[in-house]
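2 protein chains.
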Amino acid sequence: MPTAQTVTLVSTIPSGLPEPSHFSIVSSDVTTSNLETGSFVLQTLCMSADPYLRSGLKTGDVPRPLSGFIVGKVTASNSEKYPVNNIIGAALPFSTLHLLSEEKISKTISWDLTPHITEEDATLGLGVLGMPGATAYGGFIDVLRPQEGETLFVSSAAGAVGSMVGQIAKNVKGCKVIGSCGGPEKNAIVKDKFGFDDCIDYKTIKGAEELTKVLEEKSEGGINMYFENVGGMHFEAAMNTLKPHGRVAICGCISRYNDDSATPKLNTIDISKMIYTFQRVEGFVCMPWLSGARGKFLEDMNEWRKEGKVGCEQWVVEGIEKWPEAFQALFTGKNTGKVCVKIG
Amino acid sequence: MPTAQTVTLVSTIPSGLPEPSHFSIVSSDVTTSNLETGSFVLQTLCMSADPYLRSGLKTGDVPRPLSGFIVGKVTASNSEKYPVNNIIGAALPFSTLHLLSEEKISKTISWDLTPHITEEDATLGLGVLGMPGATAYGGFIDVLRPQEGETLFVSSAAGAVGSMVGQIAKNVKGCKVIGSCGGPEKNAIVKDKFGFDDCIDYKTIKGAEELTKVLEEKSEGGINMYFENVGGMHFEAAMNTLKPHGRVAICGCISRYNDDSATPKLNTIDISKMIYTFQRVEGFVCMPWLSGARGKFLEDMNEWRKEGKVGCEQWVVEGIEKWPEAFQALFTGKNTGKVCVKIG
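From first to last, the protein sequence lines stand for chains A and Y.
Those letters in the first sequence? Residues 1 to 344, by UniProt numbering.
Those letters in the second sequence? Residues 1 to 344, by UniProt numbering.
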C-alpha cells in the first residue's frame, strides 16, 4: 500500500521564529486500488509555504496536519472529471499523496492546470498560475479596471502579488506604476527587475502626510488606482492622492499574513471627498478568479507569462522534509521569491 | 422686447436664516428675434429651491444672479436640436426667460423632458424626473445594483432622494427597506406614505454603537446596501452591519447641503473587514444619469411614476417673486416636499 507523508505540527508556536523542531513529517498508508466512482489519487508535485500560515500555528491541538496550496498530478482515477495525468492546483493538506473524490475536492478551492503547464512547470501553479497570480489578476483587471496611461500605486511591491500587479499594469495595460516596499535592496529590485517606473522606500517615510507628498510628486499630481496590501499610512496617502474616478482595491491574500491580533486596523476616511470624484474602494480575495468562476485568469496569465510580460520569482527547495526549513526562511528573509517545495 | 426676471442676491448671508430682503427680482431685456443658427429661447416653467444653495450665499460680489435647476419650454428657435415646444430641464440662472445657443447649453447640465411630460407637469422635472430622481435612480440602480430580496438602509429617508430610493427598492426591485430620519412625524410618513418596511428616528439614538444595534435588529442580521446621505454615525453603523458582498453608495446631492465648513468630515473605517466580504464603498453624483450619459433614467423613472411605484412630494408656490420665501421655507421646515416655484 502506498505511503503518504504529511507536514504535521507537533508543537504550537505561540510566538517567535518557527523552528524545524515544531514540525514532523508523518507517514500514513493510502488505499489507491479499487477506487470508487468519482474517486482519484492525486500525487503532490509541489507545496507552497506562505507567511499567512504563521498565525494559525499559535494554538490548537497537536499533532495536526497542516494545509495550504499544492499542485498535484492525478495518478489513478475512477473519475471522468479528474482523469489520469491531469494537473491540479488545490488547497489541501501538505501531503505527498491524496485519495480524493469529486465531492471532497468540490469542498475546497481547486483549479485545473492541465491545459496550461507540464509536470516540470508545476511550481508555476503556486505563483503566476496560483493564488498570488489570481490575486494580482483579479484585483487589478476586474476590481481596479485599468485604462491605458493611468497611474497605479502598489504597496508590498517586491512581494509576489505586488510585483505581478505592477508587471501586468506596466507590460500588459500600459500604465505608469509606482511601488512601495521596505529597504533600498527591494526598491532596486522593484525598479530594475520588475520594471516599475518608480518605487518608494516606506521605511524612510514618517507618516501619511509625508507619504502623500512623496506620492504626489512621483505621480505628478495624483494616482488613478491603488492596489492595497498593507493598510495604515499607505491607504491614507493613497486616498489623499487619488484622482477623480480613482479606484482602490483592498487585497486579502497579503494583509492577513501578519494579522496576528484581534484589534481591528482602523483607518480614517473622508467619504465626502469620494462623492464628486466618483471614487471607489472595494475589497476582494482571489477565490472567484482562482476557481474560474470569474474572468479568464489561467488563460490570460499563462499567455502573458509565455510572452515574458509577467513572472514570479521562485525560491525552490526539494523534498517534503525541507518544508519546515523553507517555512522558517520566510521569517528570516533567507528566501528570494515565492517559496516552493518540490516533491520528488 | 421681452423682459426676463431674475432672482438676484442683493446682500450676502454669512449666517442665519435667509430673508426675502436678501434677494431682489431684477428685470432685463432679452432679444428673442433674429435668432442666430443654433440659438433658441427658453421660457422658464418652474424653478427649484434647494438647501444646497445656502452655502453659496455667504460671500462674493453682490448683486449677482442665482442659478439652479429649472424646467423650461422652447418658445422660439433656430436650432434643429432644440425645436419650439421642446421641454428641457437644465441648470441655469433663475430667470424667467433665457436666450440660449446649442454651445451655451452644452456647457451646463441639461436633459430633454419632451417625450416624457407635458407643460402642465413641468414640476416633475425638478423632482422624479430631475436631480433628486436621477440621484436616487443612479445611486440605487447602477451603484448599489440591487438583487431582489436584499435589505437596503437609507438615511434622510423622508427627503426627496431618500424617499425615492426607498420606493424604487420596495416597489420596483422587491427589496426590504429600512429608513432613517429625524422625528416621529417624518418616521410615520416614511413608513405610511413611502411604504418603507421600517424606519429609525435617529434623534433618539446616541451614537454609532447604538445605531448599529438597532439596525442589526431591524434588518434581522445585517444589510446588503446602504444609500448614504449624511455621513457620521450612519456610515459607521452601516459598515458595521454590512453583509458580505455589501455595497455603500455615497450620495452627493444631499450631503453637501449643510456642508458649511471647510473641515473634512472624517469617518473611521476598518478596511480589513471589506476584504473577505468583497464589500464596496462608492461615491457618485447624479450628473451621468441626469444627462443621459449613463442608464435610462428618464424612461425608467417616468414609467415607474406612471405605474404609481415612485413619486416625489411637491410643495408648489406660484410666481418668481415668491422664490425668496420658498427658499426660506426650506430652513424653517414650512415646506412639505420638494420646493417648486411655478412661473406664470
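None of these hints come from the bench; they were simulated from the model.
There's no promise every hint is true.
It does not matter which identical chain is used: a pair holds within one copy or between any two.
With a straight-line cut-off of 30 Å between C-alpha atoms, the simulated DSBU-like cross-links for lysine-lysine are [what the hints assert, rightly or not]: (1) K334 - K170; (2) K203 - K81; (3) K334 - K186; (4) K81 - K186; (5) K73 - K176; (6) K273 - K206; (7) K296 - K273; (8) K107 - K206; (9) K213 - K273; (10) K218 - K322; (11) K206 - K296; (12) K243 - K58; (13) K176 - K81; (14) K273 - K203; (15) K243 - K273; (16) K243 - K296; (17) K334 - K81.
Discussion item. Check the structure against each numbered hint from earlier and tell me which ones fail, lowest number first.
Written reply: Numbers 2, 4, 5, 8, 10, 11, 13 and 17, in rising order.
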